[in-house]
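Visitor: Put chain F on the given structure of chain X with help from the hints.
Chains as they are written, first to last, in my numbering: chain X, 1 to 426; chain F, 1 to 426.
If you are wondering where the hints come from, they were derived from the structure by calculation, not from laboratory data. Computed from a predicted structure; not experimentally measured. Keep in mind that a hint or two might mislead.
Note: identical chains are not told apart, hence a pair may lie in one copy or across any two.
[Unchecked claim] In silico DSBU-like cross-links for lysine-lysine, where the CA-CA straight-line distance does not exceed 30 Å:
(1) Lys314 / Lys402
(2) Lys280 / Lys385
(3) Lys406 / Lys29
(4) Lys56 / Lys82
(5) Lys56 / Lys314
(6) Lys402 / Lys56
(7) Lys365 / Lys280
(8) Lys130 / Lys280
(9) Lys230 / Lys17
(10) Lys132 / Lys171
(11) Lys17 / Lys422
(12) Lys17 / Lys120
(13) Lys373 / Lys29
2 protein chains.
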Amino acid sequence: MNYTVMSHDELVSEKSKLEENYKNILNEKLSLDMSRGKPEKLQLELSEQMLTAISKNDECFTENGTDCRNYGLVDGIEEAKKLFGDILGISPDKIVVGGNSSLNLMYDQVVRCMLYGVSKNSTPWVKNKKNKFLCPVPGYDRHFGICESLGIEMINIPMTKTGPDMDEVEKWVKDPDVRGIWCVPKYSNPEGITYSDETVRRFARLSPAASDFRIFWDNAYCIHDLYDDKSSDILNIIDECEKAGNPDLPYVFASTSKISYPGSGVSIIASSLANISYIKSIMQYQTIGHDKMNMLRHVKYFGSADGLREYMKKHAAILRPKFEMVENILDEELTSCGIAEWTKPLGGYFISLNVYPGCAKRTVKLCADAGVKLTEAGATFPYGKDPKDTNIRIAPSYPPIKELEKAMHVLCLCVKLAAVEKLLEK
Amino acid sequence: MNYTVMSHDELVSEKSKLEENYKNILNEKLSLDMSRGKPEKLQLELSEQMLTAISKNDECFTENGTDCRNYGLVDGIEEAKKLFGDILGISPDKIVVGGNSSLNLMYDQVVRCMLYGVSKNSTPWVKNKKNKFLCPVPGYDRHFGICESLGIEMINIPMTKTGPDMDEVEKWVKDPDVRGIWCVPKYSNPEGITYSDETVRRFARLSPAASDFRIFWDNAYCIHDLYDDKSSDILNIIDECEKAGNPDLPYVFASTSKISYPGSGVSIIASSLANISYIKSIMQYQTIGHDKMNMLRHVKYFGSADGLREYMKKHAAILRPKFEMVENILDEELTSCGIAEWTKPLGGYFISLNVYPGCAKRTVKLCADAGVKLTEAGATFPYGKDPKDTNIRIAPSYPPIKELEKAMHVLCLCVKLAAVEKLLEK
Numbered sequence: 001m002n003y004t005v006m007s008h009d010e011l012v013s014e015k016s017k018l019e020e021n022y023k024n025i026l027n028e029k030l031s032l033d034m035s036r037g038k039p040e041k042l043q044l045e046l047s048e049q050m051l052t053a054i055s056k057n058d059e060c061f062t063e064n065g066t067d068c069r070n071y072g073l074v075d076g077i078e079e080a081k082k083l084f085g086d087i088l089g090i091s092p093d094k095i096v097v098g099g100n101s102s103l104n105l106m107y108d109q110v111v112r113c114m115l116y117g118v119s120k121n122s123t124p125w126v127k128n129k130k131n132k133f134l135c136p137v138p139g140y141d142r143h144f145g146i147c148e149s150l151g152i153e154m155i156n157i158p159m160t161k162t163g164p165d166m167d168e169v170e171k172w173v174k175d176p177d178v179r180g181i182w183c184v185p186k187y188s189n190p191e192g193i194t195y196s197d198e199t200v201r202r203f204a205r206l207s208p209a210a211s212d213f214r215i216f217w218d219n220a221y222c223i224h225d226l227y228d229d230k231s232s233d234i235l236n237i238i239d240e241c242e243k244a245g246n247p248d249l250p251y252v253f254a255s256t257s258k259i260s261y262p263g264s265g266v267s268i269i270a271s272s273l274a275n276i277s278y279i280k281s282i283m284q285y286q287t288i289g290h291d292k293m294n295m296l297r298h299v300k301y302f303g304s305a306d307g308l309r310e311y312m313k314k315h316a317a318i319l320r321p322k323f324e325m326v327e328n329i330l331d332e333e334l335t336s337c338g339i340a341e342w343t344k345p346l347g348g349y350f351i352s353l354n355v356y357p358g359c360a361k362r363t364v365k366l367c368a369d370a371g372v373k374l375t376e377a378g379a380t381f382p383y384g385k386d387p388k389d390t391n392i393r394i395a396p397s398y399p400p401i402k403e404l405e406k407a408m409h410v411l412c413l414c415v416k417l418a419a420v421e422k423l424l425e426k
Numbered sequence: 001m002n003y004t005v006m007s008h009d010e011l012v013s014e015k016s017k018l019e020e021n022y023k024n025i026l027n028e029k030l031s032l033d034m035s036r037g038k039p040e041k042l043q044l045e046l047s048e049q050m051l052t053a054i055s056k057n058d059e060c061f062t063e064n065g066t067d068c069r070n071y072g073l074v075d076g077i078e079e080a081k082k083l084f085g086d087i088l089g090i091s092p093d094k095i096v097v098g099g100n101s102s103l104n105l106m107y108d109q110v111v112r113c114m115l116y117g118v119s120k121n122s123t124p125w126v127k128n129k130k131n132k133f134l135c136p137v138p139g140y141d142r143h144f145g146i147c148e149s150l151g152i153e154m155i156n157i158p159m160t161k162t163g164p165d166m167d168e169v170e171k172w173v174k175d176p177d178v179r180g181i182w183c184v185p186k187y188s189n190p191e192g193i194t195y196s197d198e199t200v201r202r203f204a205r206l207s208p209a210a211s212d213f214r215i216f217w218d219n220a221y222c223i224h225d226l227y228d229d230k231s232s233d234i235l236n237i238i239d240e241c242e243k244a245g246n247p248d249l250p251y252v253f254a255s256t257s258k259i260s261y262p263g264s265g266v267s268i269i270a271s272s273l274a275n276i277s278y279i280k281s282i283m284q285y286q287t288i289g290h291d292k293m294n295m296l297r298h299v300k301y302f303g304s305a306d307g308l309r310e311y312m313k314k315h316a317a318i319l320r321p322k323f324e325m326v327e328n329i330l331d332e333e334l335t336s337c338g339i340a341e342w343t344k345p346l347g348g349y350f351i352s353l354n355v356y357p358g359c360a361k362r363t364v365k366l367c368a369d370a371g372v373k374l375t376e377a378g379a380t381f382p383y384g385k386d387p388k389d390t391n392i393r394i395a396p397s398y399p400p401i402k403e404l405e406k407a408m409h410v411l412c413l414c415v416k417l418a419a420v421e422k423l424l425e426k
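Just chain X, with the same shape it has in the complex (with noise of 0.2 Å):
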């Protein structure tokens, strides 16, 4: 059943066995969306009795007595930036609290780097002749997109199972042009893969030639585990940078898009002391303050950091049955046939799909002519150029598992059948 070792008549014999099973798909006339790693509608619906964790006038107020309808506050409550602080081991002077988005405040930060650099005498990027941020692949589209937008040229760092090839990072920082690099560090987007405490480190070590090289460490799934234990624990980068003399080197972001609501959360930025002093003198001239009722709403809501792991277990296990499903029918259905692989995440939102080289956009096309959505095919590379044009980004959240079950099988056979096609060309 390895298609790669099969004979030329049994590859056209596999294909029109896949073209009459496709064909039926096509009768069924589906509409199947794994495109988007979005909570389903009962993650959603944990987090009802947050909506009323403010319904009186006397219950706006922090506990030192701001009142959060009111103005002020640039950097956000202080019990807001202890929750995240006790989340992700950061102490709450290094953070600032923004409103519903970490991807608005990575794209300001960005933003206020190219107009007035990374502290008060450094160059803002827009002087320089050229900016070049190092993006490992598979990544998340949407860091890639700011870079795009912003003009920033793009370097592939290959991933490796511990994190980026650190090797590649440590030879790019050497060009002077090279201001940044964005990390999920923590069930990386799109293969799930957590940095180990040795790449954490030489993250850490870093000796950038450029002096205001910065790392852009989007911890977003820090709480996102399916499993309840410890395996995927990761070093703080804050701390390590600050141990390794670089205290300056992180931005960190996390958010609660995918603990409370993506469409209404609370995001923050931690840095160096020095850093969030520079972002705060900046961000004053932006706002006055962003949502403090909203910080508040979760705060009271999720009450510690212990209450809001034990909350993201409602979520894990939602979200593990999807996982363990899309991974049983990648199993079963392509193990055998030898064209494709795929991650085995232990938290995060997605699985990276490889598919046989050359055969994504085909595989994303078919799967899109029969009603199933997925993310674009080269949307994990800078550019949406996959050079190999080989991965898929599977989002298993979105769905409810039924139409996820039928949505798995619809991709595995077009995963096939883009593969046999393409076998056959040769």
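Guide: Only chain F this time, still in chain X's reference frame:
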């Protein structure tokens, strides 16, 4: 009692009387704050029922079924666009709904102009040797802060009773480096002046040398009337610019900061279809969407533009007595002295007080030393430099009325004392 015609001896005697009173006030060890245009507690309490406007899972959806808890809608929910659109007389498709603060939208819009230009083929402002903004004075310090922070040179434009001096505006827009102007067209900050129809039409007919010149129309007080009449209605800048063949000239901003909560409101930017389409094409890199739950909460609570206008009467009922008291105290205590003049706004959040030339800083200092905090003198001018050192912004909203009364008596005393000091210098 007119200080300006008093003899030296009369001034000396008046001064010692005032100093005696001032000493008594020092002994009271006051702590009063008239520094910012913050709503007071009673105003914040008006919106209590908005807190529970969404309290169940099945209430989280827009009319067309969008789940506001989840990702999506970079330009906001349709209902919120319609609500703002109805208030401002702007078609919903010309509106993007943002997060908590319109200041944030204004800053971000200037940033977009800096980094991307005003449209696809225009030059990013960062590429220009020089960028200048026209700043009607006195004006809003946070507008000026954005320009100063981003290195945009500011040019003072005098205010008249009908808005900015349009002769000056028309003259200055011939300078090809002039790319924008800050306007608060209704109940201007701090004078409470409402632009006349002729002023708005002259804005719409501007023919700037810079094709990327834009009007930043901060309609912060669009429905913030103190009295129930239509005398302060302004022309619709978007309509007028369209009629004048300049549809892309204005960016309009508004928010619920002083309707619901400054700490948890909803804001909008509105403009031509072309501008809005370009803004969205960039904003999509910054966020997947602003807080939709808070948009929905506002829509559910306020219902309609009429509901909102009715609701604003509750704010007016709290604010009106404060404005009238401030004006009465100024009338009683200062009119006869001939050393000051002030505005009597029909809405908005401020009263503008011009003290004896060269005395604003001294007056504010005297007040501060007596425990009455005012907006810093000079803050109403670019770079904090009031050329005549005469303007003081009075913000009557925040202190409870009893405290406000006390603070105003202190202020009047300090206005007089500073004036007498100055007159004795001559």
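Visitor: Would you mind marking each hint as holding or not holding in the structure?
Guide: The hints, checked one at a time:
1. When the C-alpha separation of Lys314 and Lys402 is checked against a cutoff of 30 Å, the pair qualifies only within one copy, where the shortest distance is 19 Å, while the shortest distance between copies is 52 Å.
2. Proximity of Lys280 and Lys385 under a CA criterion of 30 Å is satisfied inter-copy only: 24 Å between copies versus 36 Å inside one chain copy.
3. In this assembly of identical chains, Lys406 and Lys29 lie within 30 Å of each other by CA distance solely inside one copy; the values are 12 Å within and 74 Å between copies.
4. Taking the shortest Cα distances, Lys56 and Lys82 sit within 30 Å of each other both inside one copy (24 Å) and across copies (28 Å).
5. In this homomeric assembly, Lys56 and Lys314 come within 30 Å of each other (Cα to Cα) both inside a single copy, at 28 Å, and across copies, at 19 Å.
6. When the C-alpha separation of Lys402 and Lys56 is checked against a cutoff of 30 Å, the pair qualifies only between copies, where the shortest distance is 26 Å, while the shortest distance within a copy is 41 Å.
7. Proximity of Lys365 to Lys280 under the C-alpha cut-off of 30 Å is restricted to the inter-copy arrangement: shortest distance 27 Å between copies versus 46 Å within a copy.
8. Both within a single protomer and between protomers do Lys130 and Lys280 lie at most 30 Å apart by alpha-carbon distance, with minima of 27 Å and 26 Å respectively.
9. For the identical chains of this complex, Lys230 and Lys17 are neighbours neither inside a copy (45 Å) nor across copies (75 Å), given an alpha-carbon limit of 30 Å.
10. Taking the closest pair of Cα atoms, Lys132 and Lys171 come within 30 Å of each other only inside a single copy of the chain (14 Å); across copies the shortest separation is 43 Å, beyond that limit.
11. Taking the closest pair of Cα atoms, Lys17 and Lys422 come within 30 Å of each other only inside a single copy of the chain (16 Å); across copies the shortest separation is 98 Å, beyond that limit.
12. In this assembly of identical chains, the alpha carbons of Lys17 and Lys120 never lie at most 30 Å apart, being 65 Å within a copy and 50 Å across copies at closest.
13. With identical chains, the CA atoms of Lys373 and Lys29 are at most 30 Å apart within one copy only, with a shortest distance of 12 Å there and 68 Å across copies.
The structure fails hints 9 and 12 (numbered hints given earlier, in ascending order).
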